Amino acid sequence: MIETNNVLTKPSGPEYQFLVGEGLYVLREDLHLATPPPHPSEAPVVNPNPLSTAAQPATVGTRLSLLTLDSGPLSPPVYRTSSRSDGVQGGIPEHPDESQSSTDVRESSSDAGRINSGEMPPLASSAPAFGEGNSALAPPAQKDPNKRRKPKNNMSKSNSSFISRVINHETLAKRLQERATDGMFAFVNINRAFQWLDLSSSAKKADYLTKILFTKAHCLCHDVNRVTRSSSHIDVIMGFSTGEIIWWEPISQRYTRLNKHGIINKAPVFEIEWIPGSENLFLAAHMDGSLIVYDKEKEDGSFSAEDEGGLARTSSEMGSGSGSHHSCQIQVNKSVHSKTQKTNPVAVWKLSNHRINAFAFSPDNRHLAVVSEDGSLRIIDYLKEELLDLFYAYYGGLTCVCWSPDGKYVLTGGQDDLISIWCPSEAEGSSGLVARCQGHHSWVTSVAFDPWRCDDKNYRFGSVGEDGRLCLWDFSVGMLHRPRAASVRHRGSVSSRPGLTPLHRAETAATAATNATGASGGDAASPGGPDPNSQKAEAEGNGGGKRMVVPHPVEPRATTAMLPPVSSKTVDQDPLCWLEFTPDAILTSCKSGHIRTWSRPSELASQLEEQKQT
Amino acid sequence: MAGFFQKLIGGGNAVSKPDNSASVKGKKDEPPQDLTPVEKLLYNAGPIREDGSDKFFGLENFGSTCYCNSIVQVLYHSEHFRENVVKYPPVSPSWTERKVNVTIRPPPQANGTAAGPAKGQPATKPRQSFSGGQLAPPVPPLRPEDKPDSPEYKKKQAMIRGPILELAQESSEAYGMQECTFTCLKDIFMALIESQSRTGVLSPQRFLEIFKRDNEGFRNSMHQDAHEFYGIVLNDVIANVEANAKRMQELTESTSGNGHAVSNETAPSHINTTFGTGTPGTGWVHDIFEGVLTSETRCLACETASQRDETFLDLSIDLEQHSSVTACLQSFSAEEMLCERNKFHCDRCGGLQEAEKRMKIKKLPKVLALHLKRFKYTEDFTRLQKLFHRVVYPYHLRMFNTTDDVEDPDRMYELYAVVVHIGGQAVHGHYVVVIKTKDRGWLLFDDEMVEPVDKNFVLNFFGDKPGMACAYVLFYQETTFEKVREEMDAEGLEQVKLASQAAELAANAEQVNGATSVPILKVNTQTLPPASENEILATVERPRSTPNDITSPAQPPPPLSESEAHPLIAAPPPAPAVMTKADEAATVPPKTKEEKAREKRELRAQEKAQEKTRKAAEKERARLAAQERQEQNKLLREALRSEQDQLQKAIRESKQTAADEEKRHKTETSDAAGPERGSDNHKNSSSGFLSLADRSRKSMMARKSFAFLKVDKERDKDKAKADKGDRTDRSEGSSDNRSDLADSSTTTTTGAGESASHNLHAQNGTGARTASPLPARLGPPPRSDTAPAAVDRLLPTHKDKPPLMERFSFGLGRKKSSKFLSTS
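Which chain is which? The protein sequence lines are A and B, in order.
Each residue of the first sequence is one higher than the one before, counting from 188 in the working numbering.
Each residue of the second sequence is one higher than the one before, counting from 445 in the working numbering.
It is possible that part of the hints are untrue.
To be verified - Label pairs and their in silico Cβ distance ranges:
1. B/E930 / A/T530: 32 to 42 Å
2. A/S489 / B/E596: 35 to 45 Å
3. A/V664 / B/D883: 37 to 47 Å
4. B/D883 / A/S239: 17 to 27 Å
5. B/M666 / A/P788: 52 to 62 Å
6. A/T246 / B/F832: 18 to 28 Å
As the list claims (entries may be wrong) - Quick look at which bits of chain A chain B covers, simulated, 3 or more residues with Cβ under 8 Å:
7. 582–589
8. 595–608
9. 625–636
10. 652–662
11. 741–748
What the hints contain is simulated information worked out from the structure, not anything from laboratory work.
As the structure is a computational prediction, the values presented were derived from the model and not from experiment.
We put the CB at the ideal spot given by N, CA and C, even for glycine.
Here chain B stands alone, though its shape is the one from the complex (with noise of 0.2 Å):
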C-alpha cells in the first residue's frame, strides 16, 4: 500500500482517488451508500469540466486560517476572476506538458494518527450514518468530532475520504513570474482545475507562506479578519500582476535592443498580447472588483461644490439594528455633514470650510462585495465588540445610491457568496464562507468541508439568530432581470423538494410513488467539445523546464496526443447517471433526492432479487421496463441536452466575450498603466490590529485621504475625455480612467523617470491596439536566452519596492489603510 501511494506521489495528480472511483465503477448505477451529501450531489455528473466550476474542495485549517480559506473558496467560486487568474499570464504552446505540481497526501486514519491507504474500512460506519441524514449517533459521542453531525466530525471525514492535494512546490517559475500571493492563488486554482476527483481537500499552505511573507501582519497564528484578508489578497494579485507585467516590458525592451529580429512596430504589440504589459494585464482584476465612487463635496460658504471620484474594491458600510443591506446603502451615500474636527478644507475659500458630503456610486463593479462592518470599536477605544444587529440581505439587489450619469443604474446584482463570522467577538471566531455555484446550488464551506445547503440557509445569517453566526461579507455579482427569471422557473422545482423535506411527510407518501414512478435512468450524454477540452489542456499542462518562449503570443494548441494518457479525457462518460438537479428540473416530480435514489436502489435491488430466483421471464420484464423507461426518458434527455448545449453555448460566448473584452481591454487602456501599485500590499502590512482599526472608523476618513489627487482630477478628466473616443460599451472603460488617476498622481509625487515609462507603456498600449488581434503568430522566442535576466531584472524592480511604499503608504489602492494613515 505504502508503495501504491509512492507512486501516487510519483504521478501527481495524474492518478485521482483511487478508491472512489473503484467503488463508483464496480457499482456503476447504483449511487454508493456511503456517499457524503456533496458526493451526492455530484454523484455521476458527467465528464469533469475544464473550467474547474465542477470543483467543490475543502481546503485544510492549518490553525486560525479559515479566513484565508473562505476568501479563497469566494474567489475560486467567483467565475469571471476563476478563468482570468487560469489565463494570466497567457501560455504558450510549449509549456502545455507542465502541470500544477501536486502531491496527494495520505490521507490521515479514521483515528486520526497515521497516515496510511484510505480503503475505507475505518471510515466506513460513520459514512453511512450520513446517508440516513439525520440519523443518531449510532456511539455516544465521546469527542466533538465523534458526532456524526458536528463540523469536525465532517471535515475530519472529509480528510479521510480525500484525495488531500498539496501544493508542495510551487510553480511560478512556469508562469513566468515569481512566487508571489499571485502564483501561489493560481496554483490552487489550477490544481483544482486539474483535480480527477470533484471533492476532496487542498492544502493552501504554500500560498499561505508566500501570503505571510509579504504581508508581516498576517506572520502569525492568531484570527485574522477575512475582508482585510480579501482586500489585501487582491491588493497583491494587482500589484503581483503589474510588477510582472512591468518586468515584461522591461524584458522586451532589452529584447529588442538585443537585436532581436523583432520590428519596432511588432515588438510592443507582441508583448501586451501576450503578457498584458502594464495596466492591460491587470485590467481584468478592476474589470471586475473595481467600482468608482464619487463624492460630492459642498462648501457652505462658498456653495462651491467639488467632486473627487475614488476606486474601490468593496463597500464597507455601517450597520443600523433591525436595516436592510439596501438601507445600509442608503445611509452610506446619505447627506454628511463636515464640520468640527471634521472641516473640509476648500480650495476656493483657502481654509477648513463646513461642508455637506456625500458618496455616489459612479461606476458599478461587477462584483459587489459588501462589508458589513460588524466590529466597532467600544465606546472608550478599548476594545472591538461585535455588532449583533439584525441586517437582512436579498438573493437580489439593485442600487439606490448611484450618480445620474452611471452606466446602467438598475444594474441588477445576485448575492452570490455570504462570508460568515461566528463569534462573539472580533478577535476569536471562525469564518465558513455559503457559495452559490454555477448549477450546484448552494454550497456551505467550512474549512476541509464542503456541504450543500438549501437556498433558505443562506438567510440564516441576519445576525439576531442564535449562534452568533452572522453575515460579514456579502458577494453580489452582476446579473440581468432575465437570467434571474430563468433560473427563478428552474430552481423553484428545488425548492418544492426541499420544502417537502422539511416537512417531513414524504415517508408513506413515497412507496407509493417508488411503486408507480419510474425511475429514471439516464446516460449524461453531456460531453465538451474536443477542441476546447484541447485548449485548456494547452493552458494547463505546462513543461516546468521550458519556459522559453514566454513572449511568443499564446496559439491555438496543436492537437494534444497528452490527451490519451489524459485519464480525464480517456475516462469514458459515466454511464448510467442518477440525474443530475438539472435533469430532474425537467423531469416534474417533486421527489427529493433521497427518495429517488432510495427507489432507484429498491428497484434494483428487487430486479436483481427477481433474477435471481425466476430468472428468464423476470429478465424480460425488466428489459421491457427498461426500455420503456428509456424511452419515456428519451425526451427528457434530449430536452436536457438541448439545454445543455445551450449552456455550453452560452459558456462558450461567455469566454469569448470575456477574451473579447479582455483583448479590448488590452487595447484600450494601456496608457493607465502602473506598477506603483505593487506597493499597495506592502502598506498593508500594517498590523492586523491596526487595519481592524480603521475598520471601525467612519469611511469617511478615507476619503478625505484622496484629496491630494484631485488636482489630478482635471488632468485625467481630460484624458477621459480623450480616452471617450475609442471607448464604445465596455464597463471597464471609466475603471481604466481610474487606476490612470491613481497612476498619474503617483506619477506627479515620484518624478519623471516613472512617467516616462508609463508613457512607453502607453504607447506600447496604442501599438496593441492596432495590431492584429489575434496573436496567432509564433513570434521568435525572444525570451528564450533571457530567461535568467528576466529574474536578474525582477529583482531591482522588488527592491524598489520599500521605498515605493512609504511613498504611496497613503491614498493609493487600498482604501483603508490609507484612511488610518490620513487620521493618524
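One chain only, chain A, in its complex shape (with noise of 0.2 Å):
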C-alpha cells in the first residue's frame, strides 16, 4: 500500500504569519493529509502523451466540511454578542467548498431568528420549507423522531466495485465515546479518498477516523446536514466525477448509492448541499448544468425531461430551440409540486448548459445563487422554481459564491481574478454591481465571510485563489471608492463593438437597462424578454409564473468601484482550494492536500496568556 498517513506538522516563522488591522494572524498546524495514489485500474495520470486528448477525470482539490455535534463556543464572537444562542456560535457544520459560507449565512439567519441550525426547530423560519404543499412530498410519519433511518449498506462489509476500500480507526468507537462534545470533526474529500477526522484531540488530529478509497469516482464534493446530526446520527452526502451519489452514515458504517451509474445524470456532481431545514433532501449541481434535488431515502427512478409531464416537457424543447435565450431562465424538468414523488429525482432545473461550479442557499432560505463555467450568477428563488436576476462576470468563469450574513450581498470569485460584490436586491435596472476587489494574482477559488468580523455595516470576508493567497477584505458600502462616474449608477452593457461611439452605447444601453427594468419590475405576468418564444404560458401551470429574465449588464471598469485587500499573504505553495472563518481561527486547504489553521489574534493572544500562566 502506497498511500501515507496524514502529517500534522506546526512550522513556524515569520512567513508563517500575516498581520491585519486587528492583529497577528498566525499558522496554528498544518495537516497534511495523505493523497491517495490513483487507483491501479485507473489509467496511470501520467500520461506519457501531453496531447493525449482522451477525457481526464474531473478533479478538484481539498474540500472540506466542519462540523461540531455540540454546543457551546469555542471562543466568544469578536463583534457578535447578539441574539444568537451558544450552539450557533459554536462549530459549525460547514460546507464543503466555495459556498461554505452559506453556513455563516445560515448561522447568521438564525440570528435574525429565521431559521434553524442544529438546535433550532428545522422549519421555524419565515421562510415556507422546500416542496411545501405537495403532499406526495411528505415525509412518512416517524415513529421516533430520535430513531433515524440509516443508509441500507454496510460500508465497511461492502464488496462493491465503486468502493476500493474503507480503513477504519482501530479504536473508532472508543475514539467517538471520548472525545469531548463541542470537538470538531471535518469531512474532506480529496481526489479518490474521501477522510473523516476529528479535529477535537489535537493529539490524534492526523489520524482519520475514517477512510473511504474509492474505485475510479472522485469525490468532489460532499455536505453534512446539520437537521438530523447528532453523535448517534450524521447524514454526510457525496457527489463524484461519474455523476454518482453517496449518501453515508459514518457513525453505523452504512451508505446507499444514489443514481446510480447515471441513470439520472451522467454528468459529476461539482457541488452538493442539503437543502436547508431538510432532513432527507439536498440539491446537487451536475456538470451540465442541471440542479437536482435527490431525497436520500427515495430509489432512482429512470429520468429524463421528456418523461414528465408535458409541461416540463415543452419547457425543455422550447427552451433549447429558442436559442441564445434558453440561459435566461430555468427550464424546469421536473418540478417539486410534481405528483409523482415515488422516486428520485425529486425536482430536476437545468439552468444552462455549462457547468455550474458552485452555489450557495441564502441565509433567508429563499434564494439559491449559482454561478457557472460561462461566468453567469443566477438568482435563484428555489421555492417558486424561477430564475430572478441574472449577472455576468467581467470575463471568464465564476468559481465560487456565498451571501452576506444579511443576505444582502453575494459575493462571487472568478476567472478574472476578481471577486465581485453583488447586491442582487438593489440590482433592478442596473449592472447589480457593488464592488469588484482587485487583489488576486489568479483565479479566486473560495470566498467567505467572516462573521465574526462582520456587523450591520461592515463586512469582513476572505477569498482563496490558486495563486495560493489568503486575502482578506474590509467593505462597507459608504467607504466604497467610487471613480469618477460612480455617482451616477451607469447602466452601460459592456458591449465592445468597434467604431460604437460612446453616445451610442449609451443608447443600447439605455435600452438594454429599460427593458431590464421592464423584466424584473413587472411581476410575473410580464414578461420582459424579447423572446417571442417567451415561454410563460405554458410555464404558468408549474407553480409560479415564469418570465424571461433579461441579464443584467456587465458595469464597465471606468464606473466601477474597485477595492483593494486589506491583507493579501501567500499562505501556501500550492493553489487554494477552500477556506472557512471558525471562531478562533482561518481554515484553508491547498490542492496538494495542507489543511492549515491560522489562529485569530485574539485566540493568539489568549493562548499567550494561557501560556504565561503555566
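Combine both chains into one complex, guided by the hints.
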C-alpha cells in the first residue's frame, strides 16, 4: 500500500504569519492529508503523451466540511453578541467548498430568528419549506424522531466495485465516545479519498477516523446535514465525478448509492448541499448545468425530461429551441410540485449547458445563488423554481459564491482574478455590481464571509485563489471608493463593438436597462424579454409564472468601484481551494492536501496568556 | 495507377482525393467507418466554403519545422488575416484563370517507403481502430508510429490518407510581386482555400525555403522559437507588402510618365485602390495585430512626466509561479523604478536620473498575441531554462492595463489559439497549436495531424501538468460580450455531450435511445450565393501567363464559365447528411457524435436487412418512418437554414465591413507610408540564439531604444491631431499614427530623398480618398508593357535594403531585436 498517513506539522516563523488591522494571524498547524495514488484500474495519471485527448477525470482540490455535534462556544465572537444561541456560535457544520459560507449565512440567519441550525426546530423560519404543499413530498411519519433511518449497505463489508477500501481507525468507537462533545469533526474529500477527521483531539488530529478510497470515481464535493446531526447519526452526502451520489452515515458506517450508474444524470457532480431545514432533500449541481433535488431515502427512477409531464417537456424543448434565450430562464424539467414523487429525482432544473461551479443558499432560505463556468451568476427563487436575476462576470467563468450573513450581498470569485460584490436586491435596472475586488494574482477559488467580524454596515470576508494567496477584505458600502462617474448609476453594457461611439453605446445600454427594468420590475405576468418564444403560458402551470430574465449589463471598468484587500498573504505553495472561518481561526486547504489553521489574533492572545499562566 | 497519378499531378488540384470522394459517393448516407476524427467532424459538412474556413490541413514537418507549422496554422485560422492575405494584392479579372500551382504528391505506402496509390488497403485496418476511439492497439506496438493513439501514428496516417499538397512552384509573379515570405504564405493560403478536400496535408517547403533565404538565423535544422518566428513572419509580410506597394508606386510614376492616357487625378487613385500603395496596402497587417503601448516615465528629480508610444505586434510577459495571464499583464504594467545601471535620461534635467515608469496599452489590437516568457537565462547566463510555472489563462480576457483614454477600455477578447511548447528545454522540443475554428470547435494541429479536441483540452497547458507541455503564445481576438453569450448558449450543448462521454456511462442508455429516437437525416441546404462564389473564384483563379492588367482595378468579375469545369461548383451539395454541430445544437438530445453515428448505422443496417427479407412491407414501413422523420426534421432544418442564412449574412457583412474598412483605411492612412519597414526582416537575421537572449531580457530595455523617436513624437502628435479630423470611429487610426511615427523618424535619420517620396505617397493617398471608393472602371492597363520593367525596378529597391537594414536595425518595427541591440 502506497498511501501514507496524514502528517501534522507546526511550522513557525515570520513566513507563517500575517498582520491585519485587528492583529497577527499565526499558523497554528498544518495537516497534510495523504493523497491517494490512483487506483490500479485507473489510467495512469502521468500520461506519456501530453497531447492525449482522452478525457481526464474531473478533479477538484481538497474540500472540507466542519461539524460540531454539540453546543458550546469555542471562543466568543468578536463583534457578535446578539441574540445568537450558543450552539450557533459553536462549531458550524460546514460546507464542502466555496459555498461553505452559506453556512455562515445560515447561522447568521438564525440571528434574525429565521432559521434552524442544528438545535433549532428545522422549520422555524419564515420561509416555507422547500416543496411545501406537495402532499406527495410529505415525509412518512416517523415513529421515533431520535431514531433516524440509516442507509442500506454496510460500507466496511461492501464488495461494491465502486468502493475500493474502507479503513476505520482501530479504536473508532472508543474515540467517538471519549472525544469532547464540542470538538469539531472534519470531512474532507481529496481525489479518490474521503476522510473523516476529528479535529478536537490535537494529539490524534492526524489520524483519520475513517478513510474511504473509491475505485475510479473522485469525490468532488460533499455536505453534512446539520438538521439531523447527533452523536448517533450524521448524514453525509458525496458527489462524484461519475455523477453518482453516496449517502453515508459514518457512525453506523452504512451507505446508499444514488443516481447509480448515472441513471438520472451522468454528468459529474460539482457541488452538493442539503436543502436548508430538510432532513432528506439535498441539491446536487451536475456538470451539464442541471440542478437536481434528490431525496436520500428514495430509489432512483430513470428520468429524462421527456418522461415528465407535458409542461416540463414543452418547456425544455422550447428552451433549447429558442437558442440564445434559453439561458435567461430555468427549465423546470421536473418540478418539486410534481405529483409523481415515488422515486428520485424530486426536482430537476436545467439552468444552462455550462458547468455549475458552485451554489449557495441565502440566509433567509428563499434564494439560491448559482455560478457557472460561463461566467453567470443566477439568483433563483428555488421555492418557486424561478430565475430572478442573471449577472455576468467581467470575463471568464465564475468559480465560487457566497451570501453575506445578512443576505444582502452576494460575493463571487472568478477567472478574472476578481471578487465581485453584488447586491441583488438593488440590482433592478442596473448592473447590480457594488464593487470589484482586485488583489489575487490568479483565479479565485473560494470566498467566505467572516461572520465574527461583520456587523450591520461593515463586512469582513476572505478569499483564496490559485495563486496560493489568502486575501482579507473589509467592505462597507459608505466607504467604497468609486471612480469618477460613480455617483451616477451607470448602466452601460460593456459591449465592445468597435466603432460604436460612446453616445451610441449609452443608448443601447439604456435600452437594455429599460428591458431589464421591465422584466424584473413587472411581476411574473409580464415577460420582459424580447423573445417571441417566451414560454410564460406553458410554464405558468408549474407553480409560479415563468418569465424571461434580462441579464443585467456588465459594468464597465471605468464606473466600477475597486476594492483593495486589507491583507494579501501567500499562505501555501500550491493553489488553494477552500477557506473557512471558525470562531478562533481561519482554515485553508490547498490542492496538494495541506489543511492549515491560522489562529485569530484574539485566539493568539489568549493562548499567550495561557502560556504565561502555566 | 501511376498513370492516374500523373494525370492528377498534371491536373493540378482540380482533382481531389480520389479514394475519399469515391467512398463517400458509394456509401452516400452512411458515414464510412474508417474516418479519422476530423473527417468525422467534417463529414457531410456541405459544399466547400470559399473563404477557406473549413480547411483543416496538417502541415508537413521537414525536421524541426514545427515552429513554422504551428504559426502558419494560427495565421491561416486568423480570419481577418486570412481574408486580407487573400485579398492582397487586389486582382484584376484577367487573372482569374490561374490558380496556385499545386501538385499532389502520392501518399506514402503504409509501410513507409514507396509512394503509391492510396487505395487504402494497407491503411484500412489501423483506420478502423480509430473509429472505436479508445480501442486497444490490435497488434503489440513495435514502433511509436504503430501505436494507434500515438501522435506518430496519426501523423503517418494523415500522410497516407492525403492528399498531400505540394507547392512546387511559386506564384509570386501572378501576384505581381517578387517571391517572398508573403507570396509563399499567400500560396499556402490559396492552395488550402482552393483545395477540393477539407483535410489533408500541405507541404510548406517552399515557404520555408524562401523564409530561410531571407532570414539567416533560421538556416539550420535546429529547433527554433515559434514566437520569434511569428514576429519575423509578420514583419516580413509587412516588409514585403510595403516593398511591393512602393515598387508599384514607382511603376505607376513611370507609366504615367510614359504618357499613358491617365490623367494626374486618376492615376494615384488608381494605384491606391489597386495596390494600396504605401502603408494603405500594409495597413491591414497593422490593423489586425498592432497595438500601441505608451510608457509614462516620471523623472524623480524634476517630476517631469514624459510619455512615449511604441507599437507592438505582441506582448511578451514575464511569468510568476501560480499566476494568471491577467496578473502577468498587470505586472507588465506595474510601476517600475529606473535606477542604478538603468537610469533614465531626462531631457529636462539633462542627465541620467532615477525615474518611475509604467507601461500601459493605448490602443488595443484586434488580435492580441501574448508571449509567455517561459525561457529564461539561468543565473549565470550560460543557458536557457524553461519555466514550468503554472500560469492559468481564461477563455476570455479584458485588459486592465490600459490608459484612461483608450478606445473601448472594456474590449472583450476571446482565446482562439494556443501555441504549446512541449519539452524540458528551450533548445529542444516540439510545438503544436490548439486553435478555435469558426464553427468546428477546437482543433489540435500537430504537424501533419489535425484532431478535434474538447474545449477543456485547451486548458491542459497551464504548465504544471506532466508531459512538459506549456502554453507559450496565446492568441486572443477581439469579440463582444453579446457574441460570447451567443456562443456560450450554443456550445453548451457540445459540452454536455462531452461530459457524458467522459463519464463513460452512455453505453447502455444509448440503445434505448437508439431504438426510440428518430435519427435525423438531413439534406444540408447550405448553399452559397453564386455571385459570391464567382467572386472568390475570380480572385482565386488567376491565369499565370497574363500579369498584364496589374494596375487595372479589381472589378466585379464576369460570370464565370469556368465554374462548370470546376468540380467544386459542379458538385452537388452532399446529400443526406450526418448532422453538423450546428444541427445538433438545434436538436436537443445530448448524444455523442459517435452514438449518433452508430445509431444511424444500426438503423440503416437494420433497414437493409429487413428489405432483403421482407421486402415490400418493410420498405413501406421504412419509408413511412423516413417520411415521419423528414417531417419532424423539416422544422429543425428550417431553423438551421435560417441560422445558416444569418451566418451567411453575418459573413457577408463582416466581409463587407472588412472591405470597407480596408478601403477606408487605404484612403485615410496613405500619409503613413514606410517601405523602410522592409528592412526589419533583415535585422531579424540575427541568430536565433541572440534573439533567444533578448527574450530573456526585461522588455523594458527594449523600450529604451525608442528614446530617439521622442523628438518626432511632437510632430507626430500634431499630425495625429490633424488626422483626427477625418478619423471617425475606426480603430486603426492610432495605429496609422504609430507607423507614421516610425516612418517619420526614419525619415529624419535617412534623409530627404525618402521623405520626398513619402510625401508623394501621402498625396496619392489623398487623391485616393477623394476618388470614387469603388474601383469599378477598367482603366487602360498601364502596366501591360512594363511588367518586365517592374521586376527590374524592384531589384534596385531590393538592393537598397541592406544599408537600410543597417540603419534601422535598432528601434524600428520589432521590439525584440531592437531590445537586444540597444542593450548590448
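So, going through the hints one by one against the coordinates:
1. B/E930 / A/T530: 32 to 42 Å: 37 Å, holds
2. A/S489 / B/E596: 35 to 45 Å: 44 Å, holds
3. A/V664 / B/D883: 37 to 47 Å: 45 Å, holds
4. B/D883 / A/S239: 17 to 27 Å: 25 Å, holds
5. B/M666 / A/P788: 52 to 62 Å: 58 Å, holds
6. A/T246 / B/F832: 18 to 28 Å: 19 Å, holds
7. 582–589: With 3 residues in contact (Cβ-Cβ under 8 Å with chain B), the coverage given for the segment 582–589 of chain A holds.
8. 595–608: As far as the segment 595–608 of chain A goes, the hint holds, because 3 residues have Cβ atoms under 8 Å from chain B.
9. 625–636: Satisfied; 5 residues make the cut.
10. 652–662: It holds, with 3 qualifying residues against the three required.
11. 741–748: Since 4 is at least three, the answer is holds.
The structure meets every hint from the earlier list without exception.
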